[in-house]
Amino acid sequence: MEKKEYNKIVDKYTPSEPKLKNAFIAFIIGGFMGVLGNFLVDIYSYYFNLSTKDASVFMIITLIFLGCFFTCLGFFDKWVNFAKCGLIIPITGFAHAMMSAALEYRKEGLVTGIGANMFKLAGSVIIFGVVSAYLFGLLRLFVMGG
Amino acid sequence: MTYFNAFIFCGLVCLLGQIILDNTKLTPGHITTIFVVVGAFLDVFNIYDKFVLWAGGGALVPITSFGHLLIHGAMDTVHNFGVMGLFMGMFDLTSSGIVAAIVFSFILSLIFQPRD
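Line by line, the protein sequences give chains A and B.
Under the working numbering, think of the first position of the first sequence as 1, with each following residue one higher.
Under the working numbering, think of the first position of the second sequence as 1, with each following residue one higher.
The reader is advised that the hints may include incorrect statements.
Where chain A lies over chain B, by a calculated footprint (3+ residues, C-beta under 8 angstroms) [what the hints assert, rightly or not]:
#1 1-14
#2 28-35
#3 46-58
#4 100-109
I should point out that these hints are in silico values taken from the structure, not numbers from a laboratory.
The structure presented is a predicted model; accordingly, all values stated were derived computationally and were not measured.
Cβ coordinates follow ideal geometry from the N, Cα and C atoms, glycine included.
Just chain B, same shape as in the assembly:
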């Protein structure tokens, strides 16, 4: 059942992005940025956590989960350090993704030639 929910959730997020892309002049860069901000916003009231429970990994695949993970990392340190914790833990959960993207793209760009 989680697989079905994952399909529906991730599909709907992509569908929404495609509708925005087709009907406005926004570039894909704008859309991913908007979706990250929306993901962070949905976590103010714990809405995105419910999506993650409902759709499992399907809710973690769209870029909206990036905003969700940023705010969750920050909130974990806020419990211990108060307002200063917002600065300390923001990348705790997303560092894996960012580091992986940097390392893989750096190493692979040394190996492969650009293609048109």
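If we strip away everything but chain A, and leave its shape as in the complex, we get:
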């Protein structure tokens, strides 16, 4: 009887276990990405005497460089498989998408390969971002007055 109840509980929780684990890992890794971003902003604004706004631009460029560089070295795909959204949602995911498209289509040539396909995965972010920012900008202009 006790064993049956135990098995029931196991059955109840087994399918949802990877989801919980994935969510937990994404939360932790994503959180550390946020801490790293804030740390870089502090470092840049302290050592280069930049305003927070300029330092955050430097931070985004640094994270994009790291994302591209580790994708090239082959680490990043494994990390993305492990952390999933913890690394896809931060700006490194954008860099990873562009870098892997560029690497993948490189053998098709510079223009028809890299040039034509670099935005294959990341282009939707820019296109939907621009269109939605335009529409929401219009909304904000009429609702809030700019």
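Could you slot chain B onto chain A? The hints should help.
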């Protein structure tokens, strides 16, 4: 304290993305696109600015900040040029990220070989 807020905010955004990824059939591409649109939407009523004040750099790391920066760049030129400004300044703040991503991926893809 900002570090703690940055951890919580960025972690929660990633957690939300992971929950959507696990429970629906959407691909990571869909999710990043949705998050950019949500980031732009949250800026219609200045909500995302409060997150940036609260979490500092932590709010600028997730892709939602991309939508936020697009709309902010557009709004800066709207002050001077009216509706036409929406076309002029949209990439003002995000150009650094896009240019960096294009330049780094182009140059690095010439140097490195693809790996499986």
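Please verify the coverage claim for the region 100-109 of chain B: does it have three or more residues whose C-beta sits within 8 angstroms of some C-beta in chain A?
holds (count 8)
Counting residues of the region 46-58 of chain B whose CB is closer than 8 angstroms to a CB in chain A, do you get three or more?
It holds: at least three residues are needed, and the region 46-58 of chain B offers 5 whose Cβ sits within less than 8 angstroms of chain A.
Under a C-beta cut-off of less than 8 angstroms, do 3 or more residues of the region 28-35 of chain B approach chain A closely enough to confirm the stated coverage?
holds (count 6)
Between the region 1-14 of chain B and chain A, are there enough contacts, at least three residues with CB-CB distance under 8 angstroms, for the coverage claim to hold?
holds (count 11)
Going through the hint list in order, the structure satisfies each hint without exception.
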